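Throw the hints in and build the complete structure from the sequences for me.
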Amino acid sequence: MPDRHLHIISFNIPYPANYGGVIDVYYKLKALQAQGVKVHLHSFKYDREANGKLASVCHKVYYYKRRIGLKSTLSLKPYIVASRRSDELLNNLLKDEHPILFEGLHSCYYLDHPKLKDRIKIYRESNIEHHYYYNLAGAERNLLKKAYFLGASIKLKYYQKVLKHADLMLTVSKADTQYLQKYFPNNRIIHLPSFHPNDELNILPGKGSYILYHGNLSVPENTVAAEFLVREVFSDSDLPLYVAGLNPPDSLIKTINNSSNTKLIANPPDNEMFDLIRNAQINVLVTFQGTGLKLKLLNTLYNGRHVIVNKTILNGTGLGEFCTVRETADSIAQSVKELFEKDFDNGEIKRRNALLNGDYSNKQNVRKLINYIFGD
18 MPDRHLHIIS FNIPYPANYG GVIDVYYKLK ALQAQGVKVH LHSFKYDREA NGKLASVCHK
78 VYYYKRRIGL KSTLSLKPYI VASRRSDELL NNLLKDEHPI LFEGLHSCYY LDHPKLKDRI
138 KIYRESNIEH HYYYNLAGAE RNLLKKAYFL GASIKLKYYQ KVLKHADLML TVSKADTQYL
198 QKYFPNNRII HLPSFHPNDE LNILPGKGSY ILYHGNLSVP ENTVAAEFLV REVFSDSDLP
258 LYVAGLNPPD SLIKTINNSS NTKLIANPPD NEMFDLIRNA QINVLVTFQG TGLKLKLLNT
318 LYNGRHVIVN KTILNGTGLG EFCTVRETAD SIAQSVKELF EKDFDNGEIK RRNALLNGDY
378 SNKQNVRKLI NYIFGD
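Numbers in this note's numbering are just positions in the sequence shown, counted from 1, shifted up by 17.
Since the hints were derived computationally from the structure, they do not count as laboratory data. Any given hint might turn out to be false.
What the hints assert, rightly or not - List of simulated lysine to any residue pairs, SDA-like, C-alpha gap at most 25 Å:
1. Lys162 to Thr272
2. Lys199 to Leu185
3. Lys367 to Gly225
4. Lys94 to Ile171
5. Lys62 to His76
6. Lys55 to Asn215
7. Lys62 to Glu105
8. Lys77 to Ile137
9. Lys385 to Ala192
10. Lys354 to Leu281
In this text the structure is predicted, and so the values were computed from the model without any measurement.
Structure representation (structure tokens):
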């Protein structure tokens with residue numbers, strides 16, 4: 018069999034893999050390498066340094082400086098797209114005829130470029146981006162940032178038309194699949210769940226001693242969710258709530274400091290976060306932003322005991338049968354009280370294992386991906 022080569026354009030350097038979008042990219046790279054695919058990774062560099070770890074899972078790694086500044090801001094293209102343009106990237110893509118996978122709308126500056134019109138081009142969706150930015154605006158309190166997010170949402174909705182140039186779109190959720198099928202009925206669109214760090218379930222049976230909410234706390238939607246839990250769900254509870262994640266804003270720190278039963282764990286390393294998820298009695302995951310697949314939900318189901326969610330975070334994932342689904346603060350509080358006293362048994366672990374190691378198996382999904390791109 019001849020060597021299979023694939024270009025992947027990543028919106029950010031995908032290591033360390035410690036937040037949603039880059040988790041999918043990094044573990045996809047690992048899965049492709051295990052199947053013998055030679056990946057040419059192209060990453061934009063702005064808030065992360067080049068990482069030698071990527072050379073061990075890729076055939077070649079290229080880095081490009083992101084063009085932040087006024088010119089990208091004033092572009093008719095969305096800022097997240099315009100700032101990821103690079104003549105050097107285009108030249109590297111033109112050195113061969115290998116297929117190109119564009120990670121997120123962010124990386125699609127060259128998706129419709131005339132010089133690439135005969136190439137196989139795959140769009141990997143991570144969010145319906147204009148929905149995501151519109152919801153960020155709703156969660157943002159700073160008026161200037163709110164205006165920026167609204168403007169970005171408008172530009173992204175218009176720019177989304179570029180996706181008609183993709184030969185294949187791979188979506189992270191069934192809900193996003195249906196959305197794209199509606200707007201691009203002539204394109205090939207397939208649901209392929211996100212890649213993730215779990216090869217098997219690592220759930221501890223029995224009971225834990227605290228409730229956990231975790232996420233990237235610098236993202237407004239996660240800040241809103243954490244404050245909702247502290248102020249409205251746990252305000253009258255004496256059960257211990259831990260809030261863990263990256264870069265909590267001052268507003269959230271203040272809210273938690275005023276709570277007698279809440280503990281903030283800021284910027285825990287990956288191994289500590291894994292232990293927090295695994296040892297919690299209950300993981301509570303709510304969101305008011307319904308696009309994409311929330312990888313923290315998938316990771317929690319692989320590693321945590323009881324999981325309480327709202328409908329929005331499920332977003333067509335088919336994972337609701339393994340969660341306690343509640344919508345209001347009072348109903349979440351009541352379920353927390355009930356599940357805090359309930360052992361998590363081996364029967365529950367087996368039920369999860371049957372689905373997660375099927376539809377969400379990295380090994381199965383990378384074989385599907387290779388077949389979609391290379392036809393083998």
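Results of checking the hints against the structure:
no.: 1; hint: Lys162 to Thr272; verdict: 21 Å, holds
no.: 2; hint: Lys199 to Leu185; verdict: 15 Å, holds
no.: 3; hint: Lys367 to Gly225; verdict: 19 Å, holds
no.: 4; hint: Lys94 to Ile171; verdict: 10 Å, holds
no.: 5; hint: Lys62 to His76; verdict: 19 Å, holds
no.: 6; hint: Lys55 to Asn215; verdict: 22 Å, holds
no.: 7; hint: Lys62 to Glu105; verdict: 14 Å, holds
no.: 8; hint: Lys77 to Ile137; verdict: 19 Å, holds
no.: 9; hint: Lys385 to Ala192; verdict: 20 Å, holds
no.: 10; hint: Lys354 to Leu281; verdict: 21 Å, holds
Going down the numbered hints, you'll see the structure goes against none, and every one checks out.
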